[in-house]
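Model the full assembly from the supplied sequences, consistent with the hints where possible.
So the protein sequences, as listed, match chains A and B. With our numbering applied, the first sequence corresponds to residues 1 to 313, in that order. With our numbering applied, the second sequence corresponds to residues 1001 to 1288, in that order.
Don't read these hints as lab results, they were simulated from the structure. These numbers were taken from a predicted model, which means no experiment stands behind them. Take these hints with a grain of salt, some might be off.
Distance condition first, Cα-Cα at most 25 Å in a straight line; then the derived SDA-like pairs of lysine to any residue [said to hold, decoys possible]:
| id | chain 1 | residue 1 | chain 2 | residue 2 |
| --- | --- | --- | --- | --- |
| 1 | B | Lys1025 | A | Gly141 |
| 2 | A | Lys9 | A | Leu305 |
| 3 | B | Lys1025 | A | Arg197 |
| 4 | A | Lys9 | B | Gly1118 |
| 5 | B | Lys1025 | A | Asn125 |
| 6 | A | Lys9 | B | Val1119 |
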Amino acid sequence: MAGLQYILKRLALMIPTFLLVMIIIFLLVRMLPGDPALAIAGDKASDADLAAIRNRLGLNEPLLVQFWLFFTNVLQGDLGRSILMRTSVMGVIIERLPTTVFLAAFAVSLSLLIAGPLAFVAALNRGRWPDTVIRTVFQVGLSMPVFYIGLILLTFLAAHLRWFPVGGHGDGFTGQLYYLFLPSMTVALYTSAIIMRNLRAAIIEVLDAEYVQFARAKGLPNRLILGRHVLRNALISTVTLLGLSIGNLMSGTLVTETVFAVPGLGRLMLEAIFARDYPLIQGLTLTFAVLVSIVFLLTDLFQSLLDPRMRLS
Amino acid sequence: MTDTAAAPPEVTTARKSRLHLALRKPGFLVGATIIGMSILFAVMPGIFAPYDPNFIDYTAVRQAPSWEHPFGTDMLGRDSLSRVIHAYTVNMQMAVLATVFALTIGVTVGALVGYYRGVADMIFGRVVDAIITFPFLVLVIAVVAVLGPGLINMYIAITVVGWVYYARLMRAEVIAQMGNDYASAGIVMGYSDRRIIFRHLLPNAITPVVVYWMTDMALAILLGSSLGYLGLGAQPPQAEWGVLIAEGRNFITTAWWLSLMPGIAIVLTGLGFSLIGDGLADLLRPRG
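Below is the structure:
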């Protein structure tokens, strides 16, 4: 069973990677000059608080023991207490997570809706004016910072035309759709530029491939060729690309959330930084890493499911 | 470019004809012009800026664009055009300083692990996997959070994360080059590892890295201005595009030009680097 073996091998590779991720996050706060306990508890902490934190983190123990403590705490879901929110870091993150996931998923859907059809139009009209126009527009899109796209949408569609709210979040599914449309669109305009460029190249590659030329020569109708061969292969490359750009997408949501005041993980990260809330920064950094690696894993599995060649290599 | 008849010896003609080819491509030419102008602005902003970028005039606050102030004035009455032009110094500096150390470290590490492989390469593989598991911006922001906001810390943070991408590219390219006869010939002839890596493999493997560098400079400006906008990069009153856009944000409905104009500078510069990158890819990649 090659498929199962592949999955197991893939999962095994995640263990050392994740250990390193934990080490990086652990060292992040240990890199701080001065007493980590003071940094974690904040300036207003009492001596008793400091002692409690030193004890909990094992700051009087050797570094390896400290890491072991951090590691076991995290595995038990204990990310410490947030100075800013005055509750457990885990609780705050779980509270904010759905908004960010919704925003990211919405952005992915929108960017597929934008990039998919346009990539087909561009690839099928290669070298002619529709191709040139589409590529030029997306090239400009790629040069725009996400916060700038967000501000433009915010100014014209929300503040000026009043079609959308200028920020915040809604209740229920439709409320979220309404409130998160502009933030998602902001991210989508950026990611669709990346997707469009690669999808166009992928479609052209398939169109030029021998098996498609063979199908043509056999006299198969165009619709069947596009549906059976081109779409399937284009789907594989799109999923791979989407998976690989999940980091970009998360970076984008972080910026968008601050522009539109969306109460998600990204804005929380920024609030945590300005409040020097190190436990929260650590927890959020870890959460982002977990989200990305879940997506990486799903991408790999999906890819091996769609493309048998992947399982053999 | 008219004196092709007086062209130097044959060796350079191949390269020269490719240069001609690139210069004839409108994209590359446009990119080179934009970046050329940007460098001029960055090196001597005082010559191009009509006013002192920090001159405060409370009698001329938030004025709309006019002949006197083509980009308008900001909330302190400073001339926006002059501030956008002076920001070229910092933002172009970002393109260089946020990438050049990552490039140097990445190329060296990538070449070494690609050449020696073994345990170092295995560890390298895990480190790469771990670092790309973090969203780029999140890790950079986390490092900035520890070091504190500011330009220098921002460069350090971007380098700490960014070298991985160069190293990964360089490693793959060195491994590909190792398969060529000239590399085996070097080993058979008993050349030192250092000579083979740095004199033979590196020059041949560097092309994709240079092309990526151009894209990365564009990304560095996007990232740097994003951090400036978020308040983690350049700090006001420093004129930096991200900072300028953030300053204009509060007046976006009444004084939209404050945020709009610096953004156009970002887009133009990013476009310039991308176009040069595309042109270089055509120029440097051997055809056939």
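To see whether the hints hold, each was checked on the structure:
no.	hint	result
1	B:Lys1025 - A:Gly141	holds (21 Å)
2	A:Lys9 - A:Leu305	holds (15 Å)
3	B:Lys1025 - A:Arg197	holds (20 Å)
4	A:Lys9 - B:Gly1118	holds (20 Å)
5	B:Lys1025 - A:Asn125	holds (21 Å)
6	A:Lys9 - B:Val1119	holds (19 Å)
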